[in-house]
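*Asks:* Sequence:
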Amino acid sequence: MFAVFSSARKAMRRLAALCTVLIVAACQPASLGGSGGNSGQSIDPGAPVAVALLVPHGSSSAQEAALARDLENAARLAVADLQGVRIDLRVYGTAGQAGQAQQAALNAAADGAKIILGPLHAESANAVAVAMAPKNINVLAFSNNASIAGGNLFVLGQTFDNTADRLAKYAVQQGKRRILAVHSNNLSGELGKQAIQKATATAGGTLVGTIAYEFSQQGVVAVVPQIAATARSTNTDAIFMTANTAGALPLFSQMLPETGLDPANMQYIGLSRWDKPAQTLDLPGVQNGWFAMPDPNRSARFAARFQEANGNAPHAIAGLAYDGIAAIGALAKSGQGDALSREGLTQSAGFQGVDGVFRLRPDGTNERGLAIASVRDKKLVILEQAPSSFGRAGF
6 MFAVFSSARK AMRRLAALCT VLIVAACQPA SLGGSGGNSG QSIDPGAPVA VALLVPHGSS
66 SAQEAALARD LENAARLAVA DLQGVRIDLR VYGTAGQAGQ AQQAALNAAA DGAKIILGPL
126 HAESANAVAV AMAPKNINVL AFSNNASIAG GNLFVLGQTF DNTADRLAKY AVQQGKRRIL
186 AVHSNNLSGE LGKQAIQKAT ATAGGTLVGT IAYEFSQQGV VAVVPQIAAT ARSTNTDAIF
246 MTANTAGALP LFSQMLPETG LDPANMQYIG LSRWDKPAQT LDLPGVQNGW FAMPDPNRSA
306 RFAARFQEAN GNAPHAIAGL AYDGIAAIGA LAKSGQGDAL SREGLTQSAG FQGVDGVFRL
366 RPDGTNERGL AIASVRDKKL VILEQAPSSF GRAGF
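Going letter by letter, the sequence shown gives residues 6 to 400 in my numbering.
Just so you know, these hints were derived from the structure itself, not from any lab. Model, not experiment: these values are computed from the prediction. Quick reminder that beta carbons are idealized off the backbone N, C-alpha and C, glycines included.
FRET-style restraints, in silico, Cβ to Cβ:
| no. | residue 1 | residue 2 | range |
| --- | --- | --- | --- |
| 1 | Q341 | A115 | 22 to 30 Å |
| 2 | Q179 | P53 | 43 to 51 Å |
| 3 | T207 | G104 | 33 to 41 Å |
| 4 | S393 | E219 | 38 to 46 Å |
| 5 | S238 | A318 | 43 to 51 Å |
| 6 | N190 | S238 | 20 to 28 Å |
| 7 | P367 | A67 | 35 to 43 Å |
| 8 | S339 | G316 | 34 to 42 Å |
| 9 | S221 | K384 | 30 to 38 Å |
| 10 | P230 | N112 | 52 to 60 Å |
| 11 | K383 | A67 | 27 to 35 Å |
Model the full assembly from the supplied sequences, consistent with the hints where possible.
*Replies:* Below, the structure written as structure tokens:
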């Protein structure tokens with residue numbers, strides 16, 4: 006019962022936020038419908054399942070246009086791989102805009118879509134979910150923003166919470182219990198900090214402090230002495246950073262060891278991957294650090310198949326479209342009319358995706374099986390394999 010009320014509150018908050026951002030005709034609270042709340046569209050097990058794919062075709066950004074192409078191609082690859090079930094995949098362009106995404110979803114619903122796969126951006130996913138709620142259509146968005154999840158909206162992207170949970174649990178198991186969180190003072194950094202805080206507590210560790218820095222080169226340089234002093238005064242076992250390779254990580258990886266916080270003695274942990282781009286592996290401060298990543302063997306197999314089929318390497322998140330189709334196909338294959346209900350989508354056994362096992366949670370977020378990785382002698386090393394199913398080590 007609590008989960009239903011929680012989903013309802015999230016849906017209402019999402020609607021309120023959307024009404025302040027978008028001009029939506031007759032913006033009224035969406036009915037959650039039924040005792041389960043957005044239970045999902047019924048399907049005819051003997052007929053093809055109509056799936057609407059919303060991708061940013063028509064975007065003015067060349068990068069988004071390329072991503073839209075890769076998402077569509079990954080979805081089509083998944084459709085071709087399905088056995089024993091037919092998917093009627095219908096593709097709708099959103100141009101990367103919330104208003105167009107919402108209209109695309111309305112068009113898809115009018116065309117008979119049973120479920121929505123996509124869109125990409127959090128604001129667009131919000132708009133689509135609000136429009137689809139009264140139509141009892143569930144939405145599997147490509148976003149990793151857990152704050153938008155709930156009601157009829159599920160996020161497929163790897164979330165900060167999922168990553169932080171995996172790493173914090175591993176750290177505590179390895180005796181690294183006193184953790185210092187270092188984060189940027191922007192939205193991404195704040196969300197990352199919150200994920201680290203929750204994960205550390207859940208794992209049984211102690212968060213000895215949090216240190217924020219201005220998201221700039223000057224901000225990083227200025228905060229390094231504070232990090233070093235705090236780590237020493239609190240007997241920190243591990244420094245858990247939200248920084249990524251496109252932001253502050255290169256500077257931190259150089260400057261923190263220079264303060265005496267040698268990676269040989271201080272455990273560094275990253276909320277983002279530290280193996281991409283490849284030159285990151287050469288940075289002194291990432292040596293012996295820990296981060297989480299999907300099953301590298303499965304990811305490599307998908308990348309090779311995608312390359313062969315389409316002539317280019319897939320975008321880093323293209324696999325989410327494959328995962329969405331794979332999950333829908335697995336549920337539809339059951340032959341149940343309510344296969345795409347919330348209960349079906351959130352089955353505890355989860356699904357097998359291109360990056361490994363994953364499952365959708367009743368709160369709209371997800372759990373993914375992640376490997377623990379490190380960098381040793383400038384090479385990627387897997388310290389602990391990703392779990393192949395739920396209920397095993399790693400969850």
